[in-house]
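Peer 1: Sequence:
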Amino acid sequence: MTHKIAILGASGYTGAELVRLIAGHPNMDIVALSGERKAGMKMAEVFPHLRHMTLPTLCKIDEIDFSGVDLCFCALPHKTSQEVIRDLPGGLKIVDLSADFRLRDPADYQKWYGNPHAALAQQDEAVYGLSEFYRDEIRAARLVAGTGCNAATGQFALRPLISAGVIDLDDIILDLKCAVSGAGRSLKENLLHAELSEGYNAYAVGGTHRHLGEFDQEFSALAGRPVRVQFTPHLIPANRGILATVYVKGDAQVINETLAEAYGGEPFVEVLPFGQAPSTHDVRGSNFVHIGVSADRIEGRAIVIAALDNLTKGSSGQALQNANLMLGEEETLGLMMAPLFP
Numbered sequence: 001m002t003h004k005i006a007i008l009g010a011s012g013y014t015g016a017e018l019v020r021l022i023a024g025h026p027n028m029d030i031v032a033l034s035g036e037r038k039a040g041m042k043m044a045e046v047f048p049h050l051r052h053m054t055l056p057t058l059c060k061i062d063e064i065d066f067s068g069v070d071l072c073f074c075a076l077p078h079k080t081s082q083e084v085i086r087d088l089p090g091g092l093k094i095v096d097l098s099a100d101f102r103l104r105d106p107a108d109y110q111k112w113y114g115n116p117h118a119a120l121a122q123q124d125e126a127v128y129g130l131s132e133f134y135r136d137e138i139r140a141a142r143l144v145a146g147t148g149c150n151a152a153t154g155q156f157a158l159r160p161l162i163s164a165g166v167i168d169l170d171d172i173i174l175d176l177k178c179a180v181s182g183a184g185r186s187l188k189e190n191l192l193h194a195e196l197s198e199g200y201n202a203y204a205v206g207g208t209h210r211h212l213g214e215f216d217q218e219f220s221a222l223a224g225r226p227v228r229v230q231f232t233p234h235l236i237p238a239n240r241g242i243l244a245t246v247y248v249k250g251d252a253q254v255i256n257e258t259l260a261e262a263y264g265g266e267p268f269v270e271v272l273p274f275g276q277a278p279s280t281h282d283v284r285g286s287n288f289v290h291i292g293v294s295a296d297r298i299e300g301r302a303i304v305i306a307a308l309d310n311l312t313k314g315s316s317g318q319a320l321q322n323a324n325l326m327l328g329e330e331e332t333l334g335l336m337m338a339p340l341f342p
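Each step along the sequence shown adds one to the number in this note's numbering, with nothing skipped, and position 209 is 209.
Source of the hints: derived by calculation from the structure; they are not laboratory data. In this text, all values refer to a predicted model and were calculated from it rather than measured experimentally. Errors might be hidden in some of the hints.
Computed Cβ-Cβ distance ranges for the label pairs, DEER-style [said to hold, decoys possible]: (1) Glu257 / Glu137: 26 to 34 Å; (2) Ser197 / Pro77: 21 to 29 Å; (3) Phe341 / Glu63: 35 to 43 Å.
Note that CB positions come from ideal geometry on N, CA and C, so glycine has one too.
Start from the sequences and build out the full structure, keeping to the hints where you can.
Peer 2: The following block contains the structure:
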């Protein structure tokens, strides 16, 4: 069976990544692509690397006939996404890549994103889209909220450890480096090559990054009590990739064994041999996550490092993984491509 797919916001990085991934999916056919500012343009004009594909011309959202669509990916900006999704047909399956439905409590959404939630009915039915941990809920869902790419990376490193109770929940430090594509495709002065290249800086210092809302929500639910991690993201002059270095108190060997057992049957998560550290190079352009554990020189402390591609496993690849579950397809379909190297 071929599923008819629409992508809203196809002129952004995650939209283009979805098109690239769906090109390798045998059971999906893209029938509509929206790009409000680039409506009327061909995808080959916006993204020349997709010129070999036969794709619909970009259009405005109100020009799409959703009656012929089985599933819609929504790769729109925060706030815009909830307003659009609120007005989409009620029976349409949706995978949202924005932050608009990630936080279950609307008050948390307003706290972290600065505006009241505009689609409360849809929020009530939304399922958090971290595929490896919410499979059953995602299979039955109509609306799935993709995670933040930073939030996903930290959760892959920490969720099994919190669930198993093998680390000190009051002493978790998450130091994260993320590539520039995570900031989106809109022009921003600080992301110009001359201002970004050859530099490396922390941002959202002191606990202001929006993905902390996801960490607070998910880790506290796992532990059954409040869990607050110390989190600082850094912007690096790279196009793709996230590397999270997590400092925890606990037995490093036990931590490694816990992660290896938790992810033993997962097709996209690789736990490296003890003492090895992953690199963003090794997951680039793929839907894989690599996790490594090392003992610290200070007894009773360990270092957990996780790497993924922010545009693939951190966003569009995760979205396709969720769509496969929602449509009854094999979860790995269209996603087993090897990473790019070098």
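Peer 1: Of the numbered hints stated earlier in the document, which are not met by this structure?
Peer 2: none
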